[in-house]
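**Student:** In case you want the letters, here they are:
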Amino acid sequence: MSTLKNIFRNRVRLVLAGTVLAAALTACGDDEVIESGSHNWEMSGNKIVDIKPERYKLLRNPMTGWVLYAGLGDGLSDTFWEDYDNFESTAGRVKVSDYAHTLFIRAAWTYFNPEEGVYAWDDNCNTVEAKRFKMLVKGAKERNMKIAFGFICDSQDKHDNFTPDYVREAGAKGYITTTGSVQVWSPYPDDPVFQEKHERFIKDFAARWDNAEETMYVSGTGLGKWGESHSARYSTGNEAPRKAVIDWISDLYTRYITHVPIFVNYHRCLLTTRDFDWNSVDPDTEPILLELIDKGYSLRHDAFGMKTYYTTWERNFAASQRYNRPIIAEGGWVKGSHGNSIKGDGYADYADVRRGEYNEAKGAFVNMMDFRYNSNLTWGETWSWFNEAYDLVEEFIAEGGYRLYPDKISLPVFPGGSDNVTVTHRWSNLGWGYCPTNIPQWNQKYKVAFALLDKSTMKPVKVYVDSEPCLNTWIKGRPSTYETRFNMGGVKAGEYIWAVGLVDTTRDNEIGLQISAKGDITPEGWLKLTTVNVK
Amino acid sequence: MKYNTIYRNIARLTAIALLAGTVTACDDEDIDNSYSRSNSVIQLETSSDYVVLDEANPDAVALTLTWNEAHPYGNEFITTYQYQLDAVGSKASALKEYEDDGIYTRQYTNAQLQELLIGHFGCLTSSNVTLNLTVTASFEGPRVVIPDIATASVTVKTYGPKQYLADRLFIGGDAVGEQIELMPTSATSGLYTWTGALNAGKINFPVIYGDENNAISPAEADTPIGDDEMPAVMVDAAKANYWVIPQADNYRITVNMNNHTVKIVPAGSIIELDRLFMTGAATADAMIEIERALEADDLYAWRGELKAGKLYMPLEFNDDIAVSFVPKDKNSHDINDGVAHEFDQVPTTSGTMAAYWEIPADGTYRVVVNTTDHTVTIYSAATDMANMSVSYNNTVDGINPYTQEVTELWMWGGFNSASHDDGLKAGFQAKYKLTQSKANPHVFVYHGDALPRATMSSESYNKDPQPGGVKFLVTNIENNVYAYGSTAEAKRNSKVGYVKPALGETSTLVAGQGDNRYAYFCIPENCNYVVVDIEKLTVIFDNK
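Just so you know, the protein sequences line up as chains C and G, in that order.
Numbering that gives the first Met the number 0 numbers the first residue of the first sequence as 0 and each following residue consecutively.
Numbering that gives the first Met the number 0 numbers the first residue of the second sequence as 0 and each following residue consecutively.
Simulated from the structure, these hints should not be mistaken for lab results.
Don't take each hint at face value.
As the list claims (entries may be wrong) - Going by beta-carbon spacing under 8 Å, a handful of chain C positions derived as facing chain G: (1) S37; (2) H38; (3) W40; (4) K51; (5) P52; (6) R54; (7) D390; (8) D406; (9) S427; (10) G476; (11) P478.
Keep in mind it's a predicted model, so treat the numbers as computed, not measured.
All C-beta atoms, glycine included, are put in the ideal place defined by N, C-alpha and C.
With the hints as constraints, model all of the structure from the sequences given.
**Tutor:** This is how it looks when you write it as structure tokens:
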């Protein structure tokens, strides 16, 4: 029976009334197992409350759901938000921000940082790209969306220099490539001048944006072709500097960005000099990726649904990290540029492509998927999702990522103000992904909490945080049950409302995650359970 | 009411298999998947097995389904119900919904089901659709429990425009008396053909499709028949119009379900065929094709050995062999040796044809069918047309006079720049050889790529060669053999002449081994078809 412990956690823990102790957060590695399969639900003085799941609403929880993409280049529509607020779909005109709550701005480092020490978010930075950035951020905030970032340094296949000119002018060494009729410059990633300038950028970026209130995640190393960490070019002409560069860039990101998740592409030739080669796996890539994961990186892949780029190696690697790190899926096929190539992968049409991407993403248990940008809003990937696979858009909201709810809670309804009480509660995850509280940037900051709400204000009078449940262990199909004992902590006699919530322990136990339950939920996110008379 | 235990068992076994797969993926779980511990108790019941949606009552309940609660496993288990509905044959995704509120029933009005089937699943209007309904109860708890899956299926008849489809198709109306069922020419052709006697009167085509009694009919009442395909609509049989058959006769009917057309023509007036055959005892019952002649689309010809005995000529049209040519005089079986005589079209009844030709004796015969004149000519060896025989000075073999039957003609002249095949003399190319007609041994035909029109002359005294010069030679042994040239003025060693016919124009040939050999035709542009008649001494250059 002991092996059941990992499925159905049966724990009793004394929780101190009031704010949780930081030390309690370390409890997720413990297993205080009691007899499984028989929990103390019907306790004297307790009432069992059954809760129904809410399966379909967009809850806007972090690191789950659809991601809307934007760039900062000339292809971006001046009416970006108006376009997406009135977007064509098979369900009629819709507001895309009702389906996606993350805006991913992936653009040239140059656009974010046109001059040394000058940034697109600065009030006095008025480049056209900076204006676009401000437009995007303002619109995202108005729509209750968080921002994600991706900075691309490499100019290969681009029409602009993606690394700011001041870097080159400072003496950084690099190389010229030709895109169409345009010659563009990229720095060697092992160049010390480049590294010095880029460090300042990341440091200053982090000072402004490394906060979970505004930022959802930061993506990629920004190096290599398209910023996808392949087809890199080093000053030596070979791959000798590769490992040092990976160490440098990963140290840089993890040193400065400590409050929001950071992502690296998992593919088989991380920062090698090769173009993406699906026929061979670079033997050093996997150990390097594991190092980066240990440092705190999460995972993304930008070719979901492309059957020659996302294949067995990628699937196995994703499986090896399931529930250890969240995965972001970006589709690979592009309507505007790949056309009939999709048939090579056996797709009949783009509805079929979307289904293929979706199934691959589902197979990788991803947390987030993408609505990529196309200046032709009636043609690109986002249009395709909404008009050729709308059911999957809704299905991912309902079943992708994570949705957490307690289906049953046994609570004391006539406790004394200083009594020790026991609450039995069971939680489920309705999504195929997971709530990544085990990433170092989150460090188990989200916890289950029970609150006594004031009957008139519906604000918490007392919050009891249960340090035991680790939300990252809540996996679909495996409900987790806890018996939590705590002292009422000297609550004044009177009638209150028991409520449950998922709080952010780094923000004074304010609600951090929305519970996916039907029922009476306060505007802050406390799910009301039952009336309680404290004696 | 429907409760399908077979489906349940299949679903149960599938679930076991799926669970087994899941179980093997987890290395630290004790799985109690004993089948005997599961409780399969859900019964899914529907208000009917067959529902006809009523367009006139959109808000009336058309279908109700209910199921009972799954086995109660107690507080330690979470029971989740998922309801799924899908339409057989639809590419649209199944509708799935969780039932978390304990409402173990679903109800659909006529309008809701119609919208679901037509709008979401893309099913056909006015058709039967099989709906598969599934309720799955899943259990999450301290041990693995097999999901309880119940299924049912319901056939739903949608409303709306009728489909142009038929399970069975008939000829109806007072022109036919008792209805006659038509059979499709093949499983996929969408064509129904029939040839037979109709009285003066009215006709349409009753259809049975599912539970519908429809008819293929004209849009307007009492529409006269025409020579061409007529548009036809599928309507309720009670509201169907008719075509008018003007007089009693044998008619050929073609119903095209794909094009939504009907064609009704007197059987004797129009011949519809893709291929023509002959069969009977004279061919040992083999189907021998009589191929279309090269020189005319309305001529079919064959020459070979026949046995004494019965002969008739089946027509293949739209993959069907429904009609045969037989003597117009049904009581005569005479081949009218060498004399063209009329045929008639009758329904083919394999092996039991009452009308036929009787081949009098084993031997070589030529059969020529003219579908414009509606005639057949059967030549025995005694009456058959002989090959033309010509005499000339064969300088190659040193024989003069040399006599030769003409069985081929070769184009020769500057038109091909004196190109030649390996082993042949200058100017001779096999691809420019004319083929002897099987309908008439005096007719030779070229039909192929557009002919070249090079400007060249082999005669040194020809100072003004013209493009596309050509004449026709009876053999390829040399260019000085018996020839068919043009009427142009020409004289050996002094003058080369040309006639410049237009496409489609008939020109006169001059035959012999004299100065006519220097009288050429200029092949007109875009000419890919040449017909030479060495009996009538004519040639036509054309494009076909």
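**Student:** Would the hint on C/R54 be counted as holding, given a Cβ-Cβ threshold of 8 Å to chain G?
**Tutor:** 6 Å, holds
**Student:** Hint check: is the beta carbon of C/H38 less than 8 Å from a beta carbon of chain G?
**Tutor:** 7 Å, holds
**Student:** Against chain G, run the beta carbon of C/D406 and see if the smallest gap drops under 8 Å.
**Tutor:** Holds, because the Cβ-Cβ distance from C/D406 to chain G comes to roughly 5 Å (cut-off 8 Å).
**Student:** Once the shortest beta carbon distance from C/P478 to chain G is found, is it less than 8 Å?
**Tutor:** Holds, about 5 Å.
**Student:** Next item in the hint list is C/S37. Is there a CB on chain G closer than 8 Å to its CB?
**Tutor:** 7 Å, holds
**Student:** Would the hint on C/D390 be counted as holding, given a Cβ-Cβ threshold of 8 Å to chain G?
**Tutor:** 5 Å, holds
**Student:** Quick check on C/W40 please, does its C-beta sit within 8 Å of some C-beta on chain G?
**Tutor:** Since chain G brings a Cβ to about 5 Å from C/W40, closer than 8 Å, the hint holds.
**Student:** Take the shortest C-beta to C-beta distance between C/K51 and chain G; is it under 8 Å?
**Tutor:** 5 Å, holds
**Student:** At a threshold of 8 Å, is the proposed contact between C/P52 and chain G supported by beta-carbon distances?
**Tutor:** 6 Å, holds
**Student:** C/S427 was flagged as interface toward chain G. Is the shortest Cβ-Cβ separation under 8 Å?
**Tutor:** Since the shortest Cβ distance to chain G is 7 Å, the answer is holds.
**Student:** Is the hint on C/G476 kept, meaning its closest Cβ partner in chain G is under 8 Å away?
**Tutor:** 6 Å, holds
The structure shown violates none of the earlier numbered hints.
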